[in-house]
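Student: Throw the hints in and build the complete structure from the sequences for me.
Protein chains: 2
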Amino acid sequence: MQTLHVELGDRRYPIFIGSHLNINELLLPYITGHQVMIVTNDTVEKLYANTYQQALQALGKTVKLCVLRDGEKYKNLENLNLIFDALLQAGFNRDCTVLALGGGVIGDMAGFAAASFQRGVNFIQVPTTLLSQVDSSVGGKTGINHPLGKNMIGAFKQPSVVFADMAQLKSLPPRELSAGLAEIIKYALLGDIEFLAWLEMHMDGLIQGDEALLAEAVYRSCAHKARIVANDEKEHGERALLNLGHTFGHAIESYLGYGVWLHGEAIATGMVMAADLSCQMGWISEADLIRTKVIFQRAQLPIACPPIPLEQFLEYMVHDKKVLNGQLRLILMKGVGQAVITKEFNLEAMKQAIVNNQLKE
Amino acid sequence: MQTLHVELGDRRYPIFIGSHLNINELLLPYITGHQVMIVTNDTVEKLYANTYQQALQALGKTVKLCVLRDGEKYKNLENLNLIFDALLQAGFNRDCTVLALGGGVIGDMAGFAAASFQRGVNFIQVPTTLLSQVDSSVGGKTGINHPLGKNMIGAFKQPSVVFADMAQLKSLPPRELSAGLAEIIKYALLGDIEFLAWLEMHMDGLIQGDEALLAEAVYRSCAHKARIVANDEKEHGERALLNLGHTFGHAIESYLGYGVWLHGEAIATGMVMAADLSCQMGWISEADLIRTKVIFQRAQLPIACPPIPLEQFLEYMVHDKKVLNGQLRLILMKGVGQAVITKEFNLEAMKQAIVNNQLKE
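Quick mapping for you: the protein sequence lines, in order, are chains A and B.
Going by the UniProt record's numbering, the first residue of the first sequence is number 1, and it counts up by one from there.
Going by the UniProt record's numbering, the first residue of the second sequence is number 1, and it counts up by one from there.
A couple of the hints might just be wrong.
Since the list gives no way to pick out one identical chain from another, each pair is judged satisfied if it fits inside one copy or across any two copies.
Keeping only pairs whose Cα atoms sit at most 30 angstroms apart, straight-line, the calculated BS3-like set for lysine-lysine is [said to hold, decoys possible]:
1) 61 / 343
2) 170 / 343
3) 64 / 343
4) 46 / 73
5) 61 / 293
Bear in mind the hints are in silico, worked out from the structure with no lab data behind them.
Tutor: Printed below as a string of structure tokens:
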């Protein structure tokens with residue numbers, strides 16, 4: 001087992017990364033009160049809810065379950081309110097703990113509920129997908145979607161501990177494993193060319209679910225993210241680099257409707273678009289663009305989106321949070337492993353990058 | 001004009017207190033971006049929205065209005081969502097400012113919306129009721145109600161500036177002026193016997209709406225609250241003193257239904273119950289209990305609630321946030337002007353204090 005400490009001043013917390021992690025030993029110290037609300041979805045509930053519920057009950061905790069429906073389309077205000085209903089119906093107070101057991105959607109919703117219930121209660125994350133192990137474990141971003149935009153409503157809420165158990169990835173559908181790999185590849189592309197080489201070497205093992213390789217990839221990705229987030233907790237500068245591929249990706253997700261494509265799939269294609277634009281700007285070579293596409297393909301990720309009318313694509317892009325005073329900033333690559341935040345790009349080239357990476361009708 | 005600085009580390013902000021405050025000079029420096037959403041209600045809109053909208057538009061800002069229905073019963077998730085709808089329909093980004101123009105309900109909802117929209121945007125408070133000038137101006141508590149409890153969902157969100165204009169109190173119904181005085185009297189009862197003497201001397205002028213006296217009372221109350229909050233921003237200790245009368249008061253509000261009694265009316269009776277219990281415990285004299293009742297009566301506030309079955313009253317009390325691990329703590333008086341947080345009280349005496357201060361059926 002590896003432990004990564006995320007340093008955020010007085011809100012330092014550990015991420016435990018390994019296989020078959022010990023709940024009694026590792027989780028218990030972080031449950032400060034007596035009441036635990038496990039927030040999960042109807043898929044994960046059947047797989048792992050019992051294990052956590054029984055272990056915590058055996059340790060003397062009052063444990064309740066709040067089971068939401070599985071899927072990004074349920075990440076809205078209505079389903080968030082079901083968590084508040086469950087907490088209040090259980091009579092839970094401000095000493096309670098909210099434990100997120102599931103993927104990114106559950107982590108986002110349970111985290112926002114933990115941030116808002118009684119203006120903030122203890123929060124623990126048990127991410128059960130590869131994507132959420134690398135994405136939601138670090139950074140404290142929580143939130144819900146709105147019909148007019150993704151993650152538009154939320155809070156910064158740091159967990160007291162994150163429990164990333166590779167053994168729980170066994171039940172993950174291959175498509176979701178790939179979506180997690182998209183996020184892992186992102187860390188390589190934005191800041192670590194050696195990690196990119198490591199991923200190129202081990203992609204076959206990763207795709208086959210090798211737990212040791214996955215743990216190493218999760219550890220490295222989380223360490224990258226933790227370093228960036230510690231420098232810039234509230235996303236005023238460097239942290240925006242983590243959005244490589246996201247402005248394009250969000251447009252794809254918004255157009256297709258939340259949940260049709262997985263987040264990881266959308267940002268994989270989004271990163272290809274960002275690389276394409278970077279290549280047109282002369283910042284990366286044609287060979288690097290191909291290298292980018294190949295690593296995503298080997299991770300079984302889409303590198304082109306369905307046809308989307310350009311006007312609509314652009315409309316969705318400017319609804320994205322990265323627009324400051326109407327000025328669109330993008331995360332682009334000034335080299336492989338070297339992302340930058342910039343508004344100095346050619347708008348026509350940007351449109352071309354979108355068109356280039358769509359499937360033909 | 002007086003200026004009170006609330007000290008919260010890097011989130012220091014001023015409260016401007018006076019009559020006919022200058023928007024251009026005092027407000028403009030705190031609007032960092034170009035987009036301003038004025039959140040108000042349908043009563044306040046008619047009185048003051050135009051003034052703020054025109055002044056800010058003349059200064060080059062894009063100003064939109066979000067008008068909610070007036071009343072505590074609208075302080076819920078559904079109406080909160082109307083603010084998000086307005087922000088997103090206007091295409092506002094994370095550089096925008098949310099300006100709360102109204103009483104406590106508007107401040108709570110707009111503040112929570114500002115805390116949650118894009119995970120936090122700039123927030124300005126223009127409280128237009130006496131209660132909100134002393135209560136919501138300091139402390140950063142924002143939130144909404146849930147059918148199972150008051151203020152159960154929310155965030156700590158500090159404004160960048162508060163604008164307390166006594167001239168705006170002219171339009172306030174007498175009942176709401178009294179409700180504000182309840183909160184002002186609270187600061188005297190919990191920690192400042194000299195302020196209590198000052199209030200006893202000036203109560204007639206205050207009730208008549210004397211702006212200079214009101215400004216002084218608001219300044220003193222905010223200064224008290226600011227000192228307490230600066231010591232204990234997240235309510236782990238001393239800040240709980242501010243809840244004098246609130247556990248009883250919330251039970252009254254919950255039973256009657258939100259908005260039937262004003263918050264200030266409920267806590268006035270709640271403080272009488274707390275004083276009654278304190279008197280039974282031998283901590284304050286019979287004369288002090290009478291003094292407490294008299295100051296509330298002179299402020300035209302109720303000192304007894306309608307008949308509420310004791311069982312239900314207690315049920316509503318333990319749903320209150322001040323219950324830690326099932327152990328009820330109350331804010332009581334160990335002397336006039338000297339409140340304490342304690343669980344060391346006689347339960348039968350508490351029940352008696354509730355029964356003593358109800359109207360007979």
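Student: Are the CA atoms of residue 64 and residue 343 at most 30 angstroms apart within a copy, between copies, both, or neither?
Tutor: Cα proximity of residue 64 and residue 343: across copies only (27 angstroms, versus 48 angstroms in one copy).
Student: Please work out whether the CA atoms of residue 61 and residue 343 approach to 30 angstroms or closer within one copy, between two copies, in both situations, or in neither?
Tutor: between (52 angstroms within a copy, 23 angstroms between copies)
Student: Evaluate residue 170 and residue 343 at a C-alpha cut-off of 30 angstroms and name the case that applies: within, between, both or neither.
Tutor: Answer is neither; intra-copy 42 angstroms and inter-copy 50 angstroms both fail.
Student: Give the relationship of residue 61 and residue 293 under a CA distance limit of 30 angstroms: within one copy only, between copies only, both, or neither.
Tutor: Cα proximity of residue 61 and residue 293: none, with 49 angstroms in one copy and 44 angstroms across.
Student: With identical chains treated as interchangeable, where does the CA-CA distance between residue 46 and residue 73 reach 30 angstroms or less: within a copy, between copies, both, or neither?
Tutor: within (20 angstroms within a copy, 39 angstroms between copies)
Hints 2, 5 from the earlier list are contradicted by this structure; the remaining hints agree with it.
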